[in-house]
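Build out the structure end to end from the sequences listed, making use of the hints.
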Amino acid sequence: MTDAGGDADGDPDSDTGAAPGDAADDAAVRDGAAPGESGGSRSPRDRAFDALDRLVAASATERLLISGSALLLSVAIGFVLILVAGRMTSCESAAYSLLGIGFCYDPIVVYDSLFLGAFGDFLANPLNGQFATTVSETTVLVFTGIAVAVAFKAGVFNIGGQGQLVFGALASALAVYALSGAVSGVVGTLVLVPVGLAVGAFVGGIWGAIPGALKAYADANEVITTIMLNFVATSFALYLASGPFKDPESFANQTRTLPEFTLFPQPLFPGRTDASLLALALAIVVAVAVAYLLRGTSFGYDVRTSGIQPEAAEYGGVDAARTVVASMALSGALAGIGGAVYVLTIAGNFQTGIPDYGFDGITVSILAGNSPVGAIAAALLFGVLKSGSIVVDVGTDVPPELVGVLRGLIVLFVAMPEFFRMIGQRVDVRDRFGGSRDAVATDGGEEA
Amino acid sequence: MDTDRFDRRKFVKGVGAAGLVGLAGCTGGPESGGSDGDETEASTPAADDEDTEASETEASGSDTTNVGMVYATGGLGDGSFNDQAQTGIQQAAEEFDLSYDESEPDSVSQFSTYQTQYAQSTDPDYDLVSCIGFLQADALSQTAPDYPDQDFMIVDSVVDADNVRSYTFKEHEGSYLVGQLAGLLTSRSFSAGESSTAGDSTNVGFVGGVESSLIAKFEAGFTAGVKAANEDVDVQTTYTGSFSDPSAGQEAALSMYSSGADIVYHAAGNTGAGVFQAARDEGKFAIGVDRDQSVTTDYQDVILASMVKRVDTAVYNAAGATVNGEFEAGTATSLGLADDGVDIVYGTELGDQIPEDVKSEIQSSREAIIDGEISVPDSPE
Numbered sequence: 001m002t003d004a005g006g007d008a009d010g011d012p013d014s015d016t017g018a019a020p021g022d023a024a025d026d027a028a029v030r031d032g033a034a035p036g037e038s039g040g041s042r043s044p045r046d047r048a049f050d051a052l053d054r055l056v057a058a059s060a061t062e063r064l065l066i067s068g069s070a071l072l073l074s075v076a077i078g079f080v081l082i083l084v085a086g087r088m089t090s091c092e093s094a095a096y097s098l099l100g101i102g103f104c105y106d107p108i109v110v111y112d113s114l115f116l117g118a119f120g121d122f123l124a125n126p127l128n129g130q131f132a133t134t135v136s137e138t139t140v141l142v143f144t145g146i147a148v149a150v151a152f153k154a155g156v157f158n159i160g161g162q163g164q165l166v167f168g169a170l171a172s173a174l175a176v177y178a179l180s181g182a183v184s185g186v187v188g189t190l191v192l193v194p195v196g197l198a199v200g201a202f203v204g205g206i207w208g209a210i211p212g213a214l215k216a217y218a219d220a221n222e223v224i225t226t227i228m229l230n231f232v233a234t235s236f237a238l239y240l241a242s243g244p245f246k247d248p249e250s251f252a253n254q255t256r257t258l259p260e261f262t263l264f265p266q267p268l269f270p271g272r273t274d275a276s277l278l279a280l281a282l283a284i285v286v287a288v289a290v291a292y293l294l295r296g297t298s299f300g301y302d303v304r305t306s307g308i309q310p311e312a313a314e315y316g317g318v319d320a321a322r323t324v325v326a327s328m329a330l331s332g333a334l335a336g337i338g339g340a341v342y343v344l345t346i347a348g349n350f351q352t353g354i355p356d357y358g359f360d361g362i363t364v365s366i367l368a369g370n371s372p373v374g375a376i377a378a379a380l381l382f383g384v385l386k387s388g389s390i391v392v393d394v395g396t397d398v399p400p401e402l403v404g405v406l407r408g409l410i411v412l413f414v415a416m417p418e419f420f421r422m423i424g425q426r427v428d429v430r431d432r433f434g435g436s437r438d439a440v441a442t443d444g445g446e447e448a
Numbered sequence: 001m002d003t004d005r006f007d008r009r010k011f012v013k014g015v016g017a018a019g020l021v022g023l024a025g026c027t028g029g030p031e032s033g034g035s036d037g038d039e040t041e042a043s044t045p046a047a048d049d050e051d052t053e054a055s056e057t058e059a060s061g062s063d064t065t066n067v068g069m070v071y072a073t074g075g076l077g078d079g080s081f082n083d084q085a086q087t088g089i090q091q092a093a094e095e096f097d098l099s100y101d102e103s104e105p106d107s108v109s110q111f112s113t114y115q116t117q118y119a120q121s122t123d124p125d126y127d128l129v130s131c132i133g134f135l136q137a138d139a140l141s142q143t144a145p146d147y148p149d150q151d152f153m154i155v156d157s158v159v160d161a162d163n164v165r166s167y168t169f170k171e172h173e174g175s176y177l178v179g180q181l182a183g184l185l186t187s188r189s190f191s192a193g194e195s196s197t198a199g200d201s202t203n204v205g206f207v208g209g210v211e212s213s214l215i216a217k218f219e220a221g222f223t224a225g226v227k228a229a230n231e232d233v234d235v236q237t238t239y240t241g242s243f244s245d246p247s248a249g250q251e252a253a254l255s256m257y258s259s260g261a262d263i264v265y266h267a268a269g270n271t272g273a274g275v276f277q278a279a280r281d282e283g284k285f286a287i288g289v290d291r292d293q294s295v296t297t298d299y300q301d302v303i304l305a306s307m308v309k310r311v312d313t314a315v316y317n318a319a320g321a322t323v324n325g326e327f328e329a330g331t332a333t334s335l336g337l338a339d340d341g342v343d344i345v346y347g348t349e350l351g352d353q354i355p356e357d358v359k360s361e362i363q364s365s366r367e368a369i370i371d372g373e374i375s376v377p378d379s380p381e
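Top to bottom, those sequences are chains D and B. Quick note on full-length UniProt numbering: the first sequence kicks off at 1 and runs consecutively. Quick note on full-length UniProt numbering: the second sequence kicks off at 1 and runs consecutively.
Keep in mind the hints are simulated off the structure, nothing from the lab. From the three backbone atoms N, C-alpha and C, an ideal C-beta is built for every residue, glycine too. Among the hints, a few may not be true.
[As the list claims (entries may be wrong)] Computed, partial: chain B to chain D, Cβ under 8 Å:
| no. | residue |
| --- | --- |
| 1 | Asp101 |
| 2 | Ser107 |
| 3 | Gln117 |
| 4 | Phe134 |
| 5 | Glu211 |
Printed below as a string of structure tokens:
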């Protein structure tokens with residue numbers, strides 16, 4: 001896995017220890033933890049460190065198993081939560097009974113709806129409305145997920161995905177509307193959809209490059225600047241959508257509705273205008289392309305090295321400042337495309353109160369271990385949960401807040417092992433917190 | 001850290017026991033009864049003395065009317081608009097053979113999904129889908145034609161479709177009355193509770209939420225009422241840009257009070273809580289909106305009156321008409337003073353202290369509006 005990108009001329013991983021996302025083998029080299037060899041008489045702290053090492057060294061199959069069991073565990077805990085909540089509310093007849101005690105909410109129905117509801121009646125009609133919702137949610141989240149992942153790879157924490165997405169969406173809606181008078185029909189679709197995406201990418205990219213430049217040249221903390229720029233973006237978009245560019249026909253603060261032909265074609269979902277498998281395909285292509293960009297190009301090399309060890313990267317001839325700006329611009333551009341896709345598939349215009357795709361992108365990225373391709377799977381999990389919670393909300397009495405808790409539990413549990421892995425890779429816990437190191441990598445480490 | 005004393009098994013046992021006790025101690029549960037009668041196909045709980053009363057309600061038959069409620073973003077518990085709609089459906093559920101299901105979308109883009117969910121549901125088959133709030137209009141105008149056999153209703157907007165009944169309100173009429181109240185009281189020395197008006201004040205305030213033509217109706221009516229009471233009183237107007245930002249409401253109201261306003265009226269949802277707080281801080285008055293906010297909030301001591309908007313009436317009427325088979329789809333109604341759609345209610349604590357001559361003057365305006373003698377503008381000049 002180490003040299004999968006083919007950087008024969010000095011992949012940084014071999015020098016610096018571990019890069020995010022591919023550290024399974026490298027970390028084993030560094031820490032030399034022999035899996036499963038922890039002695040029985042060791043202190044709990046050492047055992048915890050061993051477990052962390054073990055986690056860092058876990059193979060892909062093991063990680064999948066860990067995620068699976070974490071998912072099951074979160075469901076088990078959620079099960080109890082639903083039962084407890086079902087006792088604390090009042091209802092006329094029990095929805096579920098266990099050991100002779102009646103409960104107001106039925107956990108089995110809840111989880112059935114939460115996971116399977118997202119696919120609707122998939123066997124009877126794979127192209128049903130609920131699945132369409134899942135597809136459209138997933139599509140946008142893939143973009144914001146990769147956006148955060150790219151910045152992460154460069155060692156920059158982009159919390160500004162939401163602002164970049166909002167501006168990308170707004171710019172895309174305005175540009176496409178402005179041009180929609182000039183062309184129409186199939187030609188209009190062929191011209192305006194790419195234009196909309198490009199404008200979204202451009203504006204989102206600019207908005208991402210600003211905190212990047214502030215970090216690179218003025219040493220401003222990007223966490224602060226990106227959060228602040230989120231507020232600027234949402235407020236300024238609200239101003240534009242409620243003032244200069246407001247749809248005069250509508251009560252809502254929104255821009256004019258785009259004509260049908262300017263939207264993403266949805267060849268497969270009849271009657272639904274808000275899901276496009278083409279957009280999803282585009283998201284997947286972009287994810288793969290970004291993965292290649294990071295792994296197989298010199299730009300990706302720069303990004304990853306400055307993410308892992310900025311000083312070493314500088315020494316190796318990487319212009320760290322420029323790399324930070326470029327990766328933040330790329331990150332913002334991806335979030336901006338997400339916004340454009342949101343406008344051109346789901347919304348059909350720009351409307352204030354865009355859901356928190358940008359923030360969810362952070363979780364998607366962590367869930368995926370900052371891997372662009374992994375973001376597809378993580379975004380799908382999010383899409384399923386979002387769409388499924390609508391089914392729960394409509395089909396049961398369970399309050400939406402409780403559904404939110406269940407969703408949060410799942411994400412937390414699935415992301416936690418990955419999160420610990422990231423910590424384990426980056427921080428040498430033993431050096432920092434003490435602990436004996438009796439499994440030393442004298443053998444040069446094992447390739448897992 | 002001596003870990004030998006820490007026995008994992010004991011810990012797990014303890015947690016388990018505590019959990020069971022906690023579970024058993026929960027006071028609610030199916031037997032205690034409640035208003036949510038909508039989960040109808042519940043299995044009867046197994047042999048449990050307490051639960052024997054929880055009889056299986058036979059409701060899966062076709063004679064029960066099912067209503068799906070899609071609330072506005074912001075959801076239930078807003079103490080205002082959505083809660084008022086819920087009151088209406090709860091009242092209908094009590095009086096008719098009706099069950100309902102509620103859902104709370106959290107973004108505008110979800111409206112069409114929720115509407116579609118109800119429309120295509122066959123178990124249960126919803127007889128009516130209630131869409132609360134004008135933001136649902138765009139989604140509904142796309143959803144409704146796709147489900148021609150499904151009845152919909154929408155509050156606060158007009159959707160032109162054969163299967164949609166639209167309800168809007170003449171907020172300007174109710175706002176006129178509270179405007180008149182503000183104009184009359186600020187022109188004289190009036191004190192009630194801890195608050196008072198200066199007597200020589202020449203302005204009152206209006207705090208709006210997000211600027212839109214809907215909220216503009218409140219502003220227009222209020223201004224007209226103030227001017228009708230006293231031509232010399234000015235109205236300061238601010239829009240905070242949000243329905244859920246009490247601190248912005250407080251800032252706006254504080255600056256109004258400090259520049260001489262005695263009374264501030266808000267049409268800003270939860271932002272209004274800040275207006276009330278500012279009134280209390282400054283020893284001035286405020287006027288509530290949508291519901292009798294001297295009942296639904298903790299600010300009885302500053303709320304002179306509220307402009308109630310009977311969203312509940314609209315929901316109740318639509319549900320009742322559906323039950324009786326009299327639902328008139330494809331029509332639009334604007335509920336004003338004459339239809340009990342809007343009205344003025346005096347505060348529970350301060351209402352009695354408002355002088356009778358003020359109240360009677362407002363009462364005569366009320367009649368004049370109903371009779372059409374006063375025409376209230378619905379947009380600001």
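Of all the hints numbered above, which does this structure not satisfy? Sort the numbers upward.
Checked against the structure, no hint fails, so every one of them is satisfied.
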